[in-house]
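**Student:** Sequence:
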Amino acid sequence: MRHNWTHATGAGRRRVEPIAGRGMAAWMALAVVLTATVVVGGFAPPGAAPPRARLSEISAMAGPGGTSVRIEASEPVAYVTTRPDPLTVLVDLRHATASGAVNRVPASPVGGVAAVTVEDATATDGTAVARVRVMLASPGEPKVRSERNVIHVDVADDRPLQGPRATPSAGKPAAAAGPAAPGAAPQAATRIEAIRAASGPRGVEVALVGNGPLVATSAEMTKEKPVRLVLDFADVRPGVPAVTQVGKGVV
Numbered sequence: 001m002r003h004n005w006t007h008a009t010g011a012g013r014r015r016v017e018p019i020a021g022r023g024m025a026a027w028m029a030l031a032v033v034l035t036a037t038v039v040v041g042g043f044a045p046p047g048a049a050p051p052r053a054r055l056s057e058i059s060a061m062a063g064p065g066g067t068s069v070r071i072e073a074s075e076p077v078a079y080v081t082t083r084p085d086p087l088t089v090l091v092d093l094r095h096a097t098a099s100g101a102v103n104r105v106p107a108s109p110v111g112g113v114a115a116v117t118v119e120d121a122t123a124t125d126g127t128a129v130a131r132v133r134v135m136l137a138s139p140g141e142p143k144v145r146s147e148r149n150v151i152h153v154d155v156a157d158d159r160p161l162q163g164p165r166a167t168p169s170a171g172k173p174a175a176a177a178g179p180a181a182p183g184a185a186p187q188a189a190t191r192i193e194a195i196r197a198a199s200g201p202r203g204v205e206v207a208l209v210g211n212g213p214l215v216a217t218s219a220e221m222t223k224e225k226p227v228r229l230v231l232d233f234a235d236v237r238p239g240v241p242a243v244t245q246v247g248k249g250v251v
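Yeah, the sequence shown ends on 251 if you go by our numbering, and it's all consecutive.
Keep in mind that the hints were calculated from the coordinates and are not lab data.
It is possible that some hints are incorrect.
[To be verified] Pairwise CB distance ranges, derived in the manner of DEER restraints:
| no. | residue 1 | residue 2 | range |
| --- | --- | --- | --- |
| 1 | Pro-226 | Ser-74 | 30 to 38 Å |
| 2 | Ala-107 | Gly-239 | 42 to 50 Å |
| 3 | Leu-87 | Gly-239 | 33 to 41 Å |
[Unchecked claim] Straight-line C-alpha distance at most 20 Å; calculated EDC-like pairs for lysine to aspartate or glutamate:
| no. | residue 1 | residue 2 |
| --- | --- | --- |
| 4 | Lys-143 | Glu-220 |
| 5 | Lys-143 | Glu-72 |
| 6 | Lys-143 | Asp-85 |
| 7 | Lys-143 | Asp-232 |
| 8 | Lys-143 | Asp-235 |
| 9 | Lys-223 | Asp-125 |
| 10 | Lys-225 | Asp-125 |
| 11 | Lys-143 | Asp-154 |
From the three backbone atoms N, C-alpha and C, an ideal C-beta is built for every residue, glycine too.
Kindly produce the complete structure, drawing on both the sequences and the hints.
**Tutor:** The following block contains the structure:
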């Protein structure tokens, strides 16, 4: 299903993930969590801001259903994902720096992940970002999700595993380096049951509540005003009105 945040339609759209906001059009942030809730926030006041978060650590673990790259930041951050080519996934952590980040992903492939690199970069709007480049062993459709200050890039891998290939964090149990095996995950949501809005520390926060974990298959920001954030959820039915009046901030 597709959920639009305004009545207007826009021609040009670009693929984004949750991002923190600034400027006259006010950017919006999205965080997809595993508690059957999607939170959209980040309607922040205008004004440039230096990096306020730090990319802490990157690790990877191969499991029966594929490989998960675990990207940990010093605090919850907004991020944008892009696919410059079929073998590359870029995850840009906005208002963050990669300085001092520990990359625990080995040089050799881990399941469906060929390699992972990190660098400091600048987004097209001038925002400082910590860029994580995930290079895939073969073309696929990885899923990116976040949980608090951790971003996961899940890469499906149908090839049989040949022994353990985990890269857990130093001083932490191996189980903490990645999410549980897909077989242990709760059933995905099939219905959006409620939409809630509240004023939070970063501005207006809009929450989509489903009957299970909600994972957006795509998130696109329109280029024309009024700006809209369009979220797509595969195989999810709406259980709420087509239009929900919020009336908070710029929402």
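**Student:** Look at each hint and say if it fits the structure.
**Tutor:** Hints, one by one, checked against the model:
For Pro-226 paired with Ser-74, a C-beta distance near 34 Å keeps the hint of 30 to 38 Å intact. Hint check: Ala-107 to Gly-239, Cβ distance near 48 Å, so the stated range 42 to 50 Å holds. About 38 Å separates the C-beta atoms of Leu-87 and Gly-239, a value consistent with the hinted range of 33 to 41 Å. A C-alpha spacing of about 15 Å is found between Lys-143 and Glu-220, which places the hinted pair at or below 20 Å, so the restraint holds.
Straight-line distance between C-alpha atoms of Lys-143 and Glu-72 comes to about 16 Å, which keeps the hinted pair within the 20 Å bound. The suggested pairing of Lys-143 with Asp-85 holds, with an alpha-carbon distance near 15 Å, which does not exceed 20 Å. For a cut-off of 20 Å, the pair hint linking Lys-143 to Asp-232 stands: about 13 Å separates their Cα positions. Taking the CA atoms of Lys-143 and Asp-235, the gap is near 16 Å; set against the 20 Å cutoff, the hint holds.
With a CA separation close to 13 Å, the supplied pair Lys-223 and Asp-125 stays within the 20 Å bound. Distance check on the hinted pair: Lys-225 and Asp-125 sit about 17 Å apart at the alpha-carbon level, within 20 Å; holds. At roughly 5 Å between alpha-carbon atoms, Lys-143 and Asp-154 fall within 20 Å of each other, so this suggested pair holds.
Checked against the numbered hints above, the structure violates none of them.
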